[in-house]
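A.B. asks: Chain by chain, the residues run as shown.
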Amino acid sequence: MSDNTQLTRPNDGHDNGKDKHAARLREQTLLPPVDVIEDKNGITLFADLPGVPKDKLNLQIEADSLTIEGDVVVDAPEGMTSHHAEVRLPRYRRVFTLSRDLDGNQASAEFKHGVLKLRIPKAEHAQPRRIEVRVA
Amino acid sequence: MYRSMFPRDIFDELDTLHRQLQRAFDVEPSIRGIGRGGFPALNIGTTPQSVELYAFTPGLDPATIEVNLERGVLTVAGERKDDLASDQQQAAVHINERFAGRFRRVVNLPDDVDPNGVSAEYRDGVLHVSVKRRESVQPRRISVH
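Chains as they are written, first to last, in our numbering: chain A, 13 to 148; chain B, 29 to 173.
No lab work stands behind these hints: they were computed from the structure.
No false leads were slipped in.
Quick list of in silico lysine-lysine cross-link-like pairs, DSS-like style, CA-CA up to 25 Å: (1) Lys124/A x Lys68/A; (2) Lys52/A x Lys109/B; (3) Lys68/A x Lys129/A; (4) Lys129/A x Lys52/A; (5) Lys124/A x Lys109/B; (6) Lys109/B x Lys129/A; (7) Lys66/A x Lys109/B; (8) Lys66/A x Lys129/A; (9) Lys134/A x Lys52/A.
The structure displayed is predicted, hence computed values, not measured ones.
Generate the whole structure from the sequences, applying the supplied hints.
C.D. replies: As structure tokens, then:
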């Protein structure tokens, strides 16, 4: 398709909300690989986001979902021709559902050399408790 | 195969599934498995003055990355420590997608590279190697009489 060709888009004439949703579905992003481990006090997540500087990393924790997003910034010299590209998109994105026993407000994160380490502790009410059994 | 670096695409996922099925039903699969060419992902570009290589290798100690240029062949190698192994015994691993262990990728460079003009920088988990090219004769148009 040349620049002069007009392509009728399926969402023409629909309301704004639908357009945005459709646009987001069309936007392709890289899926950062993760490691998730759980111990009795919470969950630790490691994610690989090479090429993302600290100011382009976006972490969002809502009630029951965690979103990890980052824009890749790579300094390429002017006029560089790409010969071989295995990473072809400039954005990472991954979403997880968090279970109720995790406390998103207490989450902490470290980001170094493109590796994100996120720690989400279990909510107070979900911490393991040993119940004393008394002899009546 | 380190596929999850690539965009989430139904065709990519079917491709991975196909590969796994092939491996499962292969009568004599290669002893080296499906090949470790997956990590790190590489992007290579050129300008008239240089060849630029970007290796997506997060979580490394820059001092341990090995970059070698020998007879026009550029090698990037190293080892990524497994973050999971060092954690407490009581932990349960739910997802394990990240690569850990030794890796090595090799690239053939064009003949006009200058072996003394190599520089490497590690930033935000990306290793950027820049190799200068020798001054080449500018292309000249030859007129026909």
